[in-house]
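S.K.: In this note's numbering, the protein residues as written are 255 to 393.
A few of these clues could be false.
[Unchecked claim] Here are the simulated SDA-like cross-link-like pairs (lysine to any residue), alpha carbons at most 25 Å apart as the crow flies: (1) LYS348 x LEU333; (2) LYS315 x ASP340; (3) LYS256 x GLY284; (4) LYS315 x HIS332; (5) LYS294 x ASP261; (6) LYS380 x ILE392; (7) LYS339 x SER349; (8) LYS384 x LEU361; (9) LYS294 x ILE281; (10) LYS256 x SER269.
If you're looking for bench data, these hints aren't it; they were derived computationally from the structure.
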Amino acid sequence: MKPRTLDQVIEFINSSSIIDKVTGCFIWQGRLNNGYPLIKWGGRRFYVHRLIYEHFVGPIKWGVFHRCDNSRCWNPDHLFTGEHKDNMHDMVLKSRQAFGEAHGRCLLTEDQVSEIISNHSRTIAKTAWKYWVGETTIR
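The task is simple: from the sequences and hints, build the whole structure.
M.R.: Encoded structure:
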């Protein structure tokens with residue numbers, strides 16, 4: 255039977271999830287879209303965490319974010335609303351941002367940077383040529 259009312263949808267979400275006793279996360283076991291729980295109801299698609307937040311907590315300011323950092327979790331106590339900057343602040347506080355070689359736009363390894371810093375005999379242009387980067391990367 256397809257869920258028709260919001261209560262039936264919530265019952266369906268609950269029955270399609272498991273509870274992690276350690277973290278308290280309500281972990282969705284169904285379909286995901288970009289790592290987030292997704293359901294269809296009334297011919298529309300809804301992200302589970304957003305639907306749950308609106309129903310149990312209140313209106314969504316801009317986005318809904320996970321305190322637990324588990325994108326499959328829909329526990330209302332683990333969700334908060336805010337703007338993009340709030341999500342970025344949360345990421346920095348939890349040291350989840352990429353830096354150094356792990357950053358997606360990293361051009362040089364840490365060893366290469368150490369070598370560049372310690373070698374003062376080459377010009378900036380020659381050093382940039384050696385590592386296949388622009389001169390501004392070396393400066």
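S.K.: Does each hint fit the structure? Answer for all of them.
M.R.: Evaluation of the provided hints:
| no. | hint | in the structure |
| --- | --- | --- |
| 1 | LYS348 x LEU333 | holds, 16 Å |
| 2 | LYS315 x ASP340 | holds, 11 Å |
| 3 | LYS256 x GLY284 | holds, 15 Å |
| 4 | LYS315 x HIS332 | holds, 16 Å |
| 5 | LYS294 x ASP261 | holds, 14 Å |
| 6 | LYS380 x ILE392 | holds, 10 Å |
| 7 | LYS339 x SER349 | holds, 15 Å |
| 8 | LYS384 x LEU361 | holds, 13 Å |
| 9 | LYS294 x ILE281 | holds, 18 Å |
| 10 | LYS256 x SER269 | holds, 13 Å |
Checked against the numbered hints given earlier, the structure satisfies every one of them.
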